[in-house]
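Note that the protein sequences, when read in sequence, are chains P, W and L.
Each residue of the first sequence is one higher than the one before, starting from 21 at the first, in our numbering.
Each residue of the second sequence is one higher than the one before, starting from -15 at the first, in our numbering.
Each residue of the third sequence is one higher than the one before, starting from 1412 at the first, in our numbering.
Keep in mind that a hint or two might mislead.
[To be verified] Using 27 Å as the maximum straight-line C-alpha spacing, the simulated DSS-like pairs for lysine-lysine come out as follows:
1. 33(P) with 23(P)
2. 1474(L) with 176(P)
3. 64(W) with 23(P)
4. 251(W) with 2032(L)
5. 76(P) with 64(W)
6. 1474(L) with 23(W)
7. 64(W) with 75(P)
8. 2007(L) with 1501(L)
None of these hints come from the bench; they were simulated from the model.
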Amino acid sequence: MQKIWSGTINGKKIEKSIEQSMTLLHFLRDELSLLGTKVGCESGDCGACAVIIDKKLFNSCITPAFAVAGCEITTIEGLSENGQLHPIQKALLDTGSFQCGYCMPGMCMALKCAMDAAEHNLTEEEIREAISGNLCRCGSYSLVVEAISLLQEVKKS
Amino acid sequence: MWNEFESPQSVQDALVILEKHGGNARVMGGGTDLLMQLKSKRQTVECLVSTGKIASMKEIRLEGEKLVIGGAACAMQVQKDPLVRQYVPMLAQACAKLGAPQIRNAATLAGNVVTAKPAADSAVALTASDAVLEILGPTPRSIPLIDAYAGLMQSAVDSTKEMVVAIEIPLPTGRYGSHFARIASRRAAALPILNAAAALCLDDDGNITKSRVVVGGVGPSPQRLYTLEDMLQGQRGTIDLIEQVCGASPDHVHPRDSIRSSAAARKGLLPGLLKKCLLSSFEMATKKEG
Amino acid sequence: MKRYISKNQKRSDALSKVTGEATYTHDIVVPGMLFAKVLRSPHAHARIRKLDVSKAAALPGVKAVATWENTPRKLFNSTGMMAFLYPGAKPAMDEYIFDQMVRHVGDEVAAVAATSEEIAAEAIRLIEVEYEPLPALLDPLDALEEDAILIHGDIQDNNIASGTHTIRQGDFEKGWAECDVTYEARVKLPIQKQAQLETHAAVAEYRNGELTVWSPTQSVHGTKYILAHIFDMSAGNIRVMNPPYVGGAFGVRVGFGGKAEGIVSCLSMLSGYPVKLVLTREEDFTVSDTRHSGYVDIKLGAKADGRFHAFGMNAYLNTGAYGTHGIEVAACLGNMATSTYRVPNIFFEGASIYTNIVPAGAFRGFGNPQAVFAVETAVDALAKKLDIDPVELRLKNRIRVNDEWPLSYPCSSTALDECIKQAAAKIGWSEKRGRAGQGRFRRGVGLGAGTHFCGYDELAHVSLELETDGSLSVFTGNSEIGTGHITSLQQITAESFGCEIEQVNIKYGDTRGTPYDVGCHSTRSVFAIGNAISMAAGELKEQVLQYAAGAMGCSAEALSIESGRVRGGPEEMDLGQLARDGHIHKTHFSAEGKSKEAVTVTPWEAHAAEVEVDTLTGMVKVLKVVAAHDVGVAINPQLVEGQIEGGVVIGIGYATREEMSINEKGEVYNSSYHTYMLPTFADTPEIEPVIVESYEPRGPYGAKGVGECGLVPTAAAIAAAVEDATGVRFLEIPLTPQRVLDGLQAACVTCQAEKEGGTIDVE
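For reference, chain P alone in the conformation it holds in the complex:
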């Protein structure tokens, strides 16, 4: 059964009639063609589908779309502004902190969420905690830490 979904996605007001049975993940991908958020497991275990909702991190695969109607949602597509990479994206790019790249969108959102919420530079332990729900089978974890540590060094100076 369809209903009008309204909310804000990547800064844009969205209103669309969709099936109430949709998860946020499929709403983003199949209805809005925002393909950057990835399908990894559809059971909330891998974080490939992670997005930011009202400044908090959620797995969109186990979030019904209508559970977050009226919310402010940010996906990987909303990270860069006016074609400029977000500092987190630039840091990961510069350090080469990924291989197949499939976990990257979810990883970026997890990092952004943690860094925005923190009032201080994240310690290595805190970075680990921030991405503890993001699986990377290619094993790029330590490079992610390196990238963020470097980014925070730059911010400090």
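Use these hints to put chains W and L onto chain P, whose structure you have.
Chains W and L in isolation, oriented as in the chain P frame:
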């Protein structure tokens, strides 16, 4: 899965929707377990009724001698709440161990209890806190958490008709300490092999006026080890006593073999786990002033 | 001084991947596309007595139903092994798209294409099947028994997939009798799962007599050939493409994955529409190829002075219901087991054996991790018996350049000794070895060493074209599966030709317009394709300089290409200008790089691990792994380190956590990331990758490869460290807490810990 999705803004509205669907709707907290259960059972409900927009159910507050945690409060909220950390630290610890940040942002304590997993971390800690579920629906009632399980993976709460609007925890009195710990095969996002929560209250002379010892992973629901509590009750709190009581623990549990761990292994691990919980609780309690 | 070699050039796919713009097969949308679902067998072994799809076909929205009755009855092998093999091997041609027999839980029975996934799933539920269950085999040793049921009885009279690999050198029996010390044991290896983040998927469109398939396959040309064979189509009318990115592979898709490419092709042909199939995570776990589990029996004997003298090995690999890479995995196991150390007398026999479980195929290492686990266990055992330090014993016996060994190609370079020394030094071997103590927490260090191969006698072929704007296009049939080697190939191109790297575009992952290539697997891509590229670039440079010399009236010898310009003549020429000048009226600048002969070279690796074992809980905590790798010259050191680290993480999983459990009905227990214990970041210790360079004369700029090597000796090193910590050598992995506790208890190590007590809390 589900056909309709409602996000009522009050408990009353939620109950009306449940009634309207006559048993074919279901309450949803964060959905982190519920959605997967529906998927694996190939079940479709007519309507999911989310508690996510019911503001009153997201509050954590003191009410007289009770700490009241709204049924829609998520694990992350509970983990960080200053009242929880002050009065029931083991609950904050348990919530912090749940899944990963994005799971903790969604999973509600009420949801964790109602999905009736045998060893949900927060349920173990809540049992040790003497938590009581406030249930509204056709038969409004309060039930202690330990009575919330009707069998393996079966809740005493019927989510098609009623909802857990709050979890009430009596504020501990005296010198109180608590601790939650778990053993899993991996640091993050893993089902526990064994978990436990313990709490101790001491009087000014250092005698144990109250204790709670709860274990998950040795039965269909969190198990309160009454015999061990009896062994502690009224005794002078000492490290030796605690070690003795923990040493006796394997005789009072009846776990089954599972793919993650054998029954014998769980019994073998139990004393060490309980020691961690009881010794930490004891340390916390002795530091408090009467 | 090389401009682009040994440089950490930024990845060419970096921008796409950090912005989320990168396209994977899951993201492919074709107008009019239908969605497919597959009906899978609930039985491990059964005959299909009756199959009624009428209700499914009648469901509104269903456009095609495929079963054994309306799909090609053509036996194939779903892996690249059908398309390319090492000399002497025979592919196991044992699969149909759909058959009247099902041979593992999850085996494909039928498939539906419909206008939505929900309708397709509903249709699947409406298909009525009557099965006649048959006895099922789960263990490869049972499958070798005289009276064992035949799993492919219609095509052969035994349960061995594609043959037995044998190695004979010297005289094993005689040599064994001459040994002063011997060791023999059986090791048991688990099923490990690639569990790559992008589940397998495929999209097919059959239109105008042409078949187009999008897929995350590691071998586009291999897949094309398999499809041509199945559908009896001319290969030139089939196009297979990566979209271009692949969300991890690790061997799960060298060819088809879960038969998806074949299934969507059938459905597209039947329906007349494009069709997409995306495997759920549960399907990916339970039906796509795994690592081979099995038993390896090893016998190693030495003389009193420590020289290895006799080596015997039998490998019984469980290939599950279909042969896939069959004998190749057993061959890799045997070949790698016998080419790390000098041993004059060798006996090896190994095979991939059919059972009724999920098929095993290729997974990073391809039999080598299994081999090294067995071999290094034996080497450490002999070190103990001989009272020689395990590091010294390995250094004494390691293969040197041009040593006699059973392989068909020579050992042309090795820095294994340096790898071993550095790994040992950096883990703190002499300070930490033998210092476990008697407490509850015990630490130890261990070492594992091994080798691999960069491709196996496979040719490479690329074509290069100077575009009209002066940029350089390289066409290769290889795929980018995440390793980043495409960037390394760009570096090689720019260096060999003399242009700016920004002017180089590598076109890959598409059978159209690229010459045949076996694909991204086998640790071959930088080596084989790099060689082909530098060959082609050299020839192209020659063409350009000859032309420029003619245009300027000077000698070509004086000229060179630097930074995209022809220099050294009376004037400088811009490559773009030169190309435009030539292309329309005078000449076209393009060149082929085709290997003149199939060449294989050997990378080497040694891992040292430090662990801490909690003897009360059985938890093995890996504290640090030093991974020293001889990769030849590292074209891009950062990418090489990434490959090493990524491999080590998987190796740690293999050693301590990862195991697919199959029950007595043949059902896979681990069907999600919830139940399959991959190392998360929280479980990843300090990993120190060490690049040890040697110069491989037959590699591009001295390079070899590294892709699979990162996990080859890890499990062996960890098991060795656990032995140093506890005195117990485990012959079975993974070292889960339960397995370790049982082993420690049997050796009475726990008794001590229990007396001591202590608190337990795993953070």
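Against the structure, the hints come out as follows:
1. 33(P) with 23(P): holds, 16 Å
2. 1474(L) with 176(P): violated, 60 Å
3. 64(W) with 23(P): Distance ~35 Å between residue 64(W) and residue 23(P) Cα, so the pair is violated.
4. 251(W) with 2032(L): Holds, at roughly 22 Å.
5. 76(P) with 64(W): holds, 14 Å
6. 1474(L) with 23(W): Distance of about 25 Å is within 27 Å: holds.
7. 64(W) with 75(P): holds, 16 Å
8. 2007(L) with 1501(L): Measuring from Cα to Cα gives roughly 24 Å; hence the hint holds.
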